[in-house]
Structure formats: C-alpha cells, structure tokens
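Chain A is fixed; fit chain B onto it per the hints.
Going down the list, the protein sequences come from chains A and B. Numbering-wise, numbering that gives the first Met the number 0 puts 26 at position 27 of the first sequence, and it's gapless, one number per residue. Numbering-wise, numbering that gives the first Met the number 0 puts 481 at position 482 of the second sequence, and it's gapless, one number per residue.
These aren't lab readings, by the way, just hints derived from the structure by calculation. All of these numbers come straight from a predicted model, not from anything done at the bench. Warning: the hint list may mix true and false statements.
A pair holds if it fits inside one copy or across any two, identical chains being indistinguishable in the list.
[What the hints assert, rightly or not] Below are the BS3-like pairs computed for lysine-lysine, each with C-alpha atoms no more than 30 Å apart in a straight line:
hint: 1; residue 1: 427; residue 2: 487
hint: 2; residue 1: 376; residue 2: 257
hint: 3; residue 1: 376; residue 2: 436
hint: 4; residue 1: 414; residue 2: 39
hint: 5; residue 1: 39; residue 2: 257
hint: 6; residue 1: 318; residue 2: 418
There are 2 protein chains.
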Amino acid sequence: MDDDVAATQHTPLDAPGRSPRTDQAVQDDAEGDHGVAHMKWWGWGREGVGFDHRDKPRLRPFVLEQVDVDLDTPGGAVLDFADLPVPASRAPRELLDALASVVGARYVLTSAMERVVHTYGKSLTDLLRLRAGDLPRTPDVVVYPGDEDDVRGVLDAVVAAGAVLVPFGGGSSISGSLHPPAQEERPVVSLDLGRMNRVLEIDEESRLARVQGGVLGPDLEEQLGARGFTMGHTPDSFTHSTLGGWIATRSSGAQSDKYGDISDLTRALRVVQPGRTVVTRPVPSQATGPSVREMLIGSEGRLGVITEAWVQVHRLPEKREILGYFFPTFDAGVAAMRDIAESDAATTLTRVSDARETAFSFATRKKSRGVSKLVSKGLMAVLRRKGWDLEEVCLSFVGFEGGPASVKADQAVVKDLVKRHGGVVVGKGPGQLYDQKKFDTPYIRDFLLDRGALADVSDTAARWSQLLPLYRHVREEADRAFARVGVKGWIMCHLSHSYHGGACLYFTFAFRQTSDTPLVEYGVVKSAVQQAFVDAGGTLSHHHAVGVEHAPWLAQDISPAGREMLGEVFAAVDPDGQLNPGSVVG
Amino acid sequence: MDDDVAATQHTPLDAPGRSPRTDQAVQDDAEGDHGVAHMKWWGWGREGVGFDHRDKPRLRPFVLEQVDVDLDTPGGAVLDFADLPVPASRAPRELLDALASVVGARYVLTSAMERVVHTYGKSLTDLLRLRAGDLPRTPDVVVYPGDEDDVRGVLDAVVAAGAVLVPFGGGSSISGSLHPPAQEERPVVSLDLGRMNRVLEIDEESRLARVQGGVLGPDLEEQLGARGFTMGHTPDSFTHSTLGGWIATRSSGAQSDKYGDISDLTRALRVVQPGRTVVTRPVPSQATGPSVREMLIGSEGRLGVITEAWVQVHRLPEKREILGYFFPTFDAGVAAMRDIAESDAATTLTRVSDARETAFSFATRKKSRGVSKLVSKGLMAVLRRKGWDLEEVCLSFVGFEGGPASVKADQAVVKDLVKRHGGVVVGKGPGQLYDQKKFDTPYIRDFLLDRGALADVSDTAARWSQLLPLYRHVREEADRAFARVGVKGWIMCHLSHSYHGGACLYFTFAFRQTSDTPLVEYGVVKSAVQQAFVDAGGTLSHHHAVGVEHAPWLAQDISPAGREMLGEVFAAVDPDGQLNPGSVVG
Numbered sequence: 000m001d002d003d004v005a006a007t008q009h010t011p012l013d014a015p016g017r018s019p020r021t022d023q024a025v026q027d028d029a030e031g032d033h034g035v036a037h038m039k040w041w042g043w044g045r046e047g048v049g050f051d052h053r054d055k056p057r058l059r060p061f062v063l064e065q066v067d068v069d070l071d072t073p074g075g076a077v078l079d080f081a082d083l084p085v086p087a088s089r090a091p092r093e094l095l096d097a098l099a100s101v102v103g104a105r106y107v108l109t110s111a112m113e114r115v116v117h118t119y120g121k122s123l124t125d126l127l128r129l130r131a132g133d134l135p136r137t138p139d140v141v142v143y144p145g146d147e148d149d150v151r152g153v154l155d156a157v158v159a160a161g162a163v164l165v166p167f168g169g170g171s172s173i174s175g176s177l178h179p180p181a182q183e184e185r186p187v188v189s190l191d192l193g194r195m196n197r198v199l200e201i202d203e204e205s206r207l208a209r210v211q212g213g214v215l216g217p218d219l220e221e222q223l224g225a226r227g228f229t230m231g232h233t234p235d236s237f238t239h240s241t242l243g244g245w246i247a248t249r250s251s252g253a254q255s256d257k258y259g260d261i262s263d264l265t266r267a268l269r270v271v272q273p274g275r276t277v278v279t280r281p282v283p284s285q286a287t288g289p290s291v292r293e294m295l296i297g298s299e300g301r302l303g304v305i306t307e308a309w310v311q312v313h314r315l316p317e318k319r320e321i322l323g324y325f326f327p328t329f330d331a332g333v334a335a336m337r338d339i340a341e342s343d344a345a346t347t348l349t350r351v352s353d354a355r356e357t358a359f360s361f362a363t364r365k366k367s368r369g370v371s372k373l374v375s376k377g378l379m380a381v382l383r384r385k386g387w388d389l390e391e392v393c394l395s396f397v398g399f400e401g402g403p404a405s406v407k408a409d410q411a412v413v414k415d416l417v418k419r420h421g422g423v424v425v426g427k428g429p430g431q432l433y434d435q436k437k438f439d440t441p442y443i444r445d446f447l448l449d450r451g452a453l454a455d456v457s458d459t460a461a462r463w464s465q466l467l468p469l470y471r472h473v474r475e476e477a478d479r480a481f482a483r484v485g486v487k488g489w490i491m492c493h494l495s496h497s498y499h500g501g502a503c504l505y506f507t508f509a510f511r512q513t514s515d516t517p518l519v520e521y522g523v524v525k526s527a528v529q530q531a532f533v534d535a536g537g538t539l540s541h542h543h544a545v546g547v548e549h550a551p552w553l554a555q556d557i558s559p560a561g562r563e564m565l566g567e568v569f570a571a572v573d574p575d576g577q578l579n580p581g582s583v584v585g
Numbered sequence: 000m001d002d003d004v005a006a007t008q009h010t011p012l013d014a015p016g017r018s019p020r021t022d023q024a025v026q027d028d029a030e031g032d033h034g035v036a037h038m039k040w041w042g043w044g045r046e047g048v049g050f051d052h053r054d055k056p057r058l059r060p061f062v063l064e065q066v067d068v069d070l071d072t073p074g075g076a077v078l079d080f081a082d083l084p085v086p087a088s089r090a091p092r093e094l095l096d097a098l099a100s101v102v103g104a105r106y107v108l109t110s111a112m113e114r115v116v117h118t119y120g121k122s123l124t125d126l127l128r129l130r131a132g133d134l135p136r137t138p139d140v141v142v143y144p145g146d147e148d149d150v151r152g153v154l155d156a157v158v159a160a161g162a163v164l165v166p167f168g169g170g171s172s173i174s175g176s177l178h179p180p181a182q183e184e185r186p187v188v189s190l191d192l193g194r195m196n197r198v199l200e201i202d203e204e205s206r207l208a209r210v211q212g213g214v215l216g217p218d219l220e221e222q223l224g225a226r227g228f229t230m231g232h233t234p235d236s237f238t239h240s241t242l243g244g245w246i247a248t249r250s251s252g253a254q255s256d257k258y259g260d261i262s263d264l265t266r267a268l269r270v271v272q273p274g275r276t277v278v279t280r281p282v283p284s285q286a287t288g289p290s291v292r293e294m295l296i297g298s299e300g301r302l303g304v305i306t307e308a309w310v311q312v313h314r315l316p317e318k319r320e321i322l323g324y325f326f327p328t329f330d331a332g333v334a335a336m337r338d339i340a341e342s343d344a345a346t347t348l349t350r351v352s353d354a355r356e357t358a359f360s361f362a363t364r365k366k367s368r369g370v371s372k373l374v375s376k377g378l379m380a381v382l383r384r385k386g387w388d389l390e391e392v393c394l395s396f397v398g399f400e401g402g403p404a405s406v407k408a409d410q411a412v413v414k415d416l417v418k419r420h421g422g423v424v425v426g427k428g429p430g431q432l433y434d435q436k437k438f439d440t441p442y443i444r445d446f447l448l449d450r451g452a453l454a455d456v457s458d459t460a461a462r463w464s465q466l467l468p469l470y471r472h473v474r475e476e477a478d479r480a481f482a483r484v485g486v487k488g489w490i491m492c493h494l495s496h497s498y499h500g501g502a503c504l505y506f507t508f509a510f511r512q513t514s515d516t517p518l519v520e521y522g523v524v525k526s527a528v529q530q531a532f533v534d535a536g537g538t539l540s541h542h543h544a545v546g547v548e549h550a551p552w553l554a555q556d557i558s559p560a561g562r563e564m565l566g567e568v569f570a571a572v573d574p575d576g577q578l579n580p581g582s583v584v585g
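Bound conformation, chain A alone (with noise of 0.2 Å):
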C-alpha cells in the first residue's frame, strides 16, 4: 500500500478493547531477543495505535451514507491469538540444526507467533483470512541472518534440505506476495532480513549509498540524514516496509516525480541466488545485453535474496514545500498534471483527488483545523460565484523542492497551468497536512473492518490519453460489481506519480460486507477493478506489484509470451521451485 486515500486528518490513538486481542506472553515472543519488532499480528502498524473517527464530526454521516456502515458500532475483539489454528512446524529437526548452525539457534524461531506473523502480508484477504482462522499452511520455521554470508549458508541448507524459502522484507505486501501455498509440502522457511538494516556506505561524491537489504525506512532515513542525504523515498507504507521489499516488488514513493520509481533509486545489487550471489555495479548506465539489475527489480523473492543494493541519495534540499489547488473537475485536474509533467518545472509530486475522494478528505477533518478552513463558506461562495458545481471540486497536490529561486519558478509555472485549466491556488496548508499524515492511512482499513466496511485500494497506470477514459471505465464496472454483490459501494481515485507519457490512477473502494463470505463479496470486486484496468490499457498494478492476488492479470498485461519469459527465468535460476513458489506467475 504504496500511496495514500486522500488529505485525511488521521490521528492515530490508541484504541485498547477493540482489536484482536494479543496474549501479551506470545506478542513478546515475536519481538524476541532477536530484536526485530514487526507490526500488529492481525493488522496493519504498530500495537496500540489505530484509527479514531470521535474527533472528525463529518465522519460518521458521510460513510453511513455512503457505505451504510455506522462507525459508532462497537468494534468487538475479532480473534484471540490462542484461539488461532495454527498448524505446527514441520520443519524437520536436521534442517533446524542446520540453520542454527548458520545463524545461531537466538535466530531460528519456531514459535506460532513467530510463524504467524510470517505467514501473511496485509492485503485485505490476508487480513480476512487471519481473522477467519483460516491458516492452511504457515513457515515452518522464522530464520534472521546477520549479514549475507548467513543469508548463503540459510539458502544452502533450505536447497540442500529440499525445502522452500520466503523473503519476508517488512511484511507489509498487499498482493499476497508471502504466505507459502497452501498445499506446499516441502519444509518452509520464512527469511526475515530485518537485523540487515545498515547504511554501510555513502559516497557523497556520486550520491549513491549502499544500503542492507532488510532496513525498514524510518531507520534508512534516520542514518541518511544523519550525513545530511535522503533517499526520497516515501511509499504509503514507509514506515513498516524495507528496502529489499521494495525493490523486490517495484514499489514507487509519493515524491517519484523527482526521486523516481525504486527501479530508478536502485543502482546495483547484491541478491543470493542457489549456488551462486549476482553482483552489478553501481555505473549509472551500461550497454551490457538485457538488463541484470532490472531483472533481479520486480522479482519478489522468486530469483533470490536481495541482500544489499546501491541507491541513489540527494542532498536534502534548502526548500520543501507541497502546496494545494483546487480545479472544478478531474478532467480539468488531470488535463493540468499532464501540463505540468510537459512544462519546465521541476515537481516532486503532482497529485489530484476526484471529486469523492476530495469530498471524503473533507468528511475526515477535524474542527476548525487545516482543510476546513479552506473549505470554509467564504472559499466556497468564492467558487460558486466562479460558476464551480461545488459537488465536482477537485483537491490537488503539487510538490517543490530545490533552491529558493528555482522553486519559486517552479511555483509561478504550475500555477499558471492550474489557471489555464480553470484551477486555483489554496496555498501550504492542506499540503503541510497531507505530508505530516500521509503514512497514517493505512490504519483505516482494519478500523473499518472492525465496523463490518470492506475497504481497499488497487492502482494503475496508464498514457495521459488513456487515463480519463480508464477511470470512467473502473467506475462503471466497480458499480456493477457493487450491484451484483447487492450493496451501496464507494469508489474514489487520485492522480498520482506523472512520467512524461502517463500518471498512476489509484482507486480506493468500499462497501458494507452483506455475508459471511466477505472474500467472496470483495473477490467481485476486486476482480472488477483490476480486470477493468487491463481492458482499459492499464497495467495490473503501479507499484503494488503482482503476487498471487494480481498474478490472474499477468498474461493481459505483459503478453502471455512476455508471462512465459518470466516463468523461464525463475525455472532457470531455481529449477526445483524452492523460492517463494506460486507468486508473479502462479
């Protein structure tokens, strides 16, 4: 989960009583002495911080009308962790001894929480599936190495040991890249990278820095910006997602415009393959025959372990700012960040919500604080008088950075397009809030799960000339979808992450579940949207890469030649199917 809903006003607090309940004896085991702490086992973030909707007064009416879900309902406990079914490890006692003998037996964990932790990401089927009891198949066994000489000697005991292996980088997958198949019957070892979390190396000359493949961003940014550099790299779900997950699912951060896509950040790697660790080099552009290095993006676990990477870092810059506008459609929205993605200004982001994930950012304010006074009658009166149709306004982003004059360039040319395209300047405070709350979003979707709402994202991309009728065409179907599963659904979208020939669409949908099969109920509509992107000329994802969950898409988009490529390559590199089996190409 890459990118977020909306300008929301997110205040995550506590919220005790209200989720799975943890047996405090089990959690600490899954934070053990191995120091790796990881998110909630059920859901998405830290334990004791979550959504609240008390402080946000519009809240409640606005997704009552919506989506006929009352957020006042009490959210009950869903699950106590020993009420889980958790299978038990298979991992035969040879193949234990053998990775302990790797990484020493601190670092081999077998514990149901361990396990369970490592079973899923946080998709939303992940997450039902959890509060489901639904656990077919866990990793036998959790294995954390120290540095890449542990990682060669964990892959040579799971090869030798015919079993099968799962990078798990920061858990936070929302395709289903991590769980094991459910009728996998070789041992499973779920590879946790997070004692990998250096820095080990700036060259501030080249602004390049090589980096452990399993440190989450928070702490990559902290040892960065300690020698005064960033990588830029601010994906939805930064703060519990690592570097060597992103690049093994090709994860895009919301200031691409400037810092690009990880597979531009990326420079070379290092990644563990059987038998043998590929090396590139960290030139910054060769002729060398297919691309290695693009090759080994994108691979999710499936051509190795990315162990460490060299990425590109900045100076962190004299000015920063994002600044908010307003337009009167999302034509007029989009049709201005392909002007500005031409024109000669130089942006870190340019984003622009529809006309109902706008309104939903409205609904989420709190009293007289940021959005609200800018959405204050006096502003709207100002818009009517234009002749605006206040229902279609238009909430946008656009970021800045560099020296004071080049950004004060920049600024003067967007805001003449924003003009151009009937638009107007609100100025830094929406920005100022979207960036200080932008990695809080996540924490919604298990606050509404808890309230009996279904709620998801799916991106896309596509040409500038294709993206219009792509987001009218996702709708339609999304509202077939919600006909056929019989509910009142919700579907909004924001422009994000401009290239010169296209922008990402990313779609947030909700709806009341109706059933006790709610992952039928979102299969159809989730299967509608994504299937809706490829007929439009999309692409099965912007950066939420493909997994099990979008792996159905796969042929549609890349080509059924282009999918056999792929399942070449991983049947070439691991012939035996022992490197986290069944994602990409099933």
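Frame of chain A, contents of chain B only:
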C-alpha cells in the same frame, strides 16, 4: 559509435579514387529494387562522402607528431569488390522458396554484394577483416520483410529449416554483433528491416509514438518533425542506425541528459520470438515482476526481432542552445559537470574534453572559422594571465532547451558552477559547430585507416567518484599497450552523458600500424583499454553494446552469475541457438 570524437570541423567531401573500388553493377544490386539503401560495403557512411584533411592546415603536423602518420600519404585503393573471396550461399532451395513465399522473391537476395553488406558491422575489426578479404562466413540470404507478419513468417521458416537468423538494423554495430560465427554450419539468414520504416501513430496527448523498428534516424525525425515532435535521440551513428538497432544495443544519444537513454525512451515493444510474440504496454511504469521490457532492450537479436516500439517524443523546444566553456584542467571540468548534474539546472547535454581531445579539436579547425576565433592569441593571452597552463585547457559543451526564461535561468546556474570550478564561458559559436558536425566524425576512421593509422573508440560509465581514477588508469594502461606494440600511440577522452550518480567517459585512441597483423596490434590496445575499464570500477560499455568484441569482459562487469542469467534467458527463448548465436554471452 554513438557519440562523437570532438568539436571537429570535418567536412565530408567527395573522395573519388581513394576508397576501395566498387564495381558499379554490383553496388546497384546492393541497392536493388528492395528500395533500402546501405552504407559503403567497405566503410562508414554514404558512397562518395569522406573525410578530407586538406582544408585543416594544423591537422597534418599534429597527426605526424602524435602518431607518426603523414596524412598526405595517398590512400590507395585497398581492395576491389570483385577480388573479395565471397563464399557461395549455402541457403537450401527449400528455405529460399519458403522465404520467397512469405515476403516475395523480390525481397529475398543472395547476391555477393547483399551478403557482404550484411556480413559485418563497422567495428575496426570488421573493417580490417573486410580489407584483408577475411570472409570465412557470410549470411546465405538477405530478406527484407514488409511488416510484422512477414517477420513472423520468416522466423517460422528459419526455425523450421534449422537455420539461423541475424537481425541487421542499420549495420552500424561496432561491437561485432552482426556477423555469423565462422564455424556456423547452418544456413544463415540476415533480416533487414529497412522497409519497415514508418511512424505508425503519434499519441500527441501522451507524447508517445508507435514506430516500426527498421526506421533510420533521419527518416524517423522527418516523420516526427512534420507533426512538430522530436524523439531527441541523436547517437553518433544517427544517420545510419535504426530504432530497432538502438533498442537492441542499449544506445544512448548525445542529448541523453534530457531525453534519456534508449531504455528510458522505449516505453513498449513488440518482439517476434520463436513460436510467440511478446507485446508490452506503453504504460509509464508498472509493478509486473522482472521487467520484460528491460529484458528485450539490449538483447542484440538473441531474444527475437523488434518489430515495433512505443517511444517518448517531445514537442520541438521553443529555444535550443549549446554553449561552449573552457576549464583549466580536466579535473575541474569533470567536477563542474558533477555539480551541474546535482544542480537545479536542466541540461540536454554535458560534455567536457580532456586536454588532448581539446588539442585535437583545435588541430582540426579550418582557417578563420568557429573555434579558431576562440583560440585567438587574444583569448589565450587572457587565460595565460589567469595562470592557466594552455597545454591543459579543456573544451566543454553544455546544452539547454525549453522556454526562454527556463533556458536563461539554467544557463545562469551553469555559468555560476563553471566559474566556481575556475572555468570561463566561451559562448555559442563552438557549440553550433559541434552540433552541425556531430554526425561526420565516424568518417575519419576510414580516412586514417587508408593511411596506415588504426583508430577506434571505447566508452564506459562509472560513478562520479571513480571517473578520474578510471581516466588515469585507462591512460596508463593504453600507454603500456602502445609500448608493447612498439608505437607512439595517442589516447584522448571526453566526459558525456551525465546522470545522478555518474557519467560516461568516451575514449578515442590511434596508432600507426607497424606490422601486417593489424588485428593483433589493435587487440593489444583495445583489450588493455577494456580491461582498465572493468578494473577501475567502470562498465564494459556505456552505449556500444556487448556483441562478440566486448563479451570477454561481461562476467567481470555483471558478475559470472549475471552472465549466466543472460545465457539462461537466451537458452529458454531460443533453445536451439538460432537467434544471432555468439553475441553477448559468446
């Protein structure tokens, strides 16, 4: 040869009688009724066009001093086409009939000239072998498909016949990726896409064009320009290389700072493979596993035939300028380029020659034109007063495009950084000259070869922090190699193609042929330069591809495991090695 040597003033002139003699009837056959024109069978560029030194009074003494070759030596006719020992075509009748039934008999040719034209690219090795009459193997037949269906039919016929297919592009390869292995027993088909030369579609809103793979640079730009667009891709080979060839070899053009390398410009591909066709979508970014697009880019014919691509295009810029600068040392120039790459200034090209290449540029100037004004005694006196060692002066170019305000601001930023590194602004004159003459440079190599001088280029890329150590190491190793050959050799260099984390270094070297085994002498120097690249942290080539000539350094560059991965991909797509065997991985 995707970049130029220096800001030289080569005026290609008719050079009758000094080139290998071509029987007119045979040559007509090579430009038969298929309508596709080719370069000289024996060298670079158009028949009747060549380099001449006689209007450049300083060049003869310069070359005499540096490489002991007298340019006034008449370049005698090297070889008569009729004397070439062209092996007979081995194409079986059934294969020729099958090919004719696909594309029509008119487009299936087996003449000696057609086959010789399609045997080699334009590497120095290729030219030396041709001049020596060394033709152990030619293609057995040359086929000109008219569309993708033809390509499919040809490939099917090749696969069915157990033959070999070599896609030709424009034939400008300088890495030896076109000629069939000498020991190849199977029939060899050269596929020339010269008829597939159209821009099929321009999506003006998305600034993307769908283009056939066989189009040459000038034809492409003419079709785009008629609609107000440019691709902006201008490698040195521009006039005689094709879009498909650029993609297959990971080309980069002089203006890559703005427009990107071909891997950035190419957003989607259609590639005909044995039994299937890979089709990717022109989406701006996607998280669909390992990048199939990036696997096909750089595949040098080993993964099929690139029939079509979606490429980025730009509206023609309002303003375009290339300014000249002088730096007191190469170190200062490189440091300035690095700072420019980090600055807020947008540039189209950043380039600085070392002192030797600068001296060569000065030596190629005509009387009373361009650069000569700049190196007037007056300017030199000023620089001397500033304390410069005039032997160390380095010429630099930086290109700018955009609206007038943006160009002005960018030039101001660059001027400030140039001065910070001790440089001075020279102005527009030399930049205009460089821009006008940039595609003429490759002609000089044949001219030198005619007069007994072996000259060639090698390019690399490395991190900013490693560029100067690499530069010094290459110069040392080249000098050692010259000593081993027993000649006074010359090597010069420029930096070009700046990126966030590094840049390209482009070397040109020359020495007098002293034995009747020029290939051996050349091999000593070329190998030393290539080995120095990889020993000093660089890549084997920034934009000249691998072919067979750079293949010995591939494992050192991308690691043995990386090279194995490439071999595995090739073997999976083409299990019987029928697609351009020998290239990239040997």
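Structure-based check of all given hints:
1. 427 x 487: This pair counts as neither: shortest intra-copy Cα distance 35 Å, inter-copy 65 Å.
2. 376 x 257: neither (36 Å within a copy, 45 Å between copies)
3. 376 x 436: Close inside one copy (25 Å), not across copies (64 Å); limit 30 Å.
4. 414 x 39: Neither: 43 Å inside a copy, 54 Å across copies.
5. 39 x 257: For residue 39 and residue 257, the Cα distance exceeds 30 Å both inside one copy (33 Å) and across copies (45 Å).
6. 318 x 418: Both ways: residue 318 and residue 418 sit 24 Å apart in one copy and 24 Å across, limit 30 Å.
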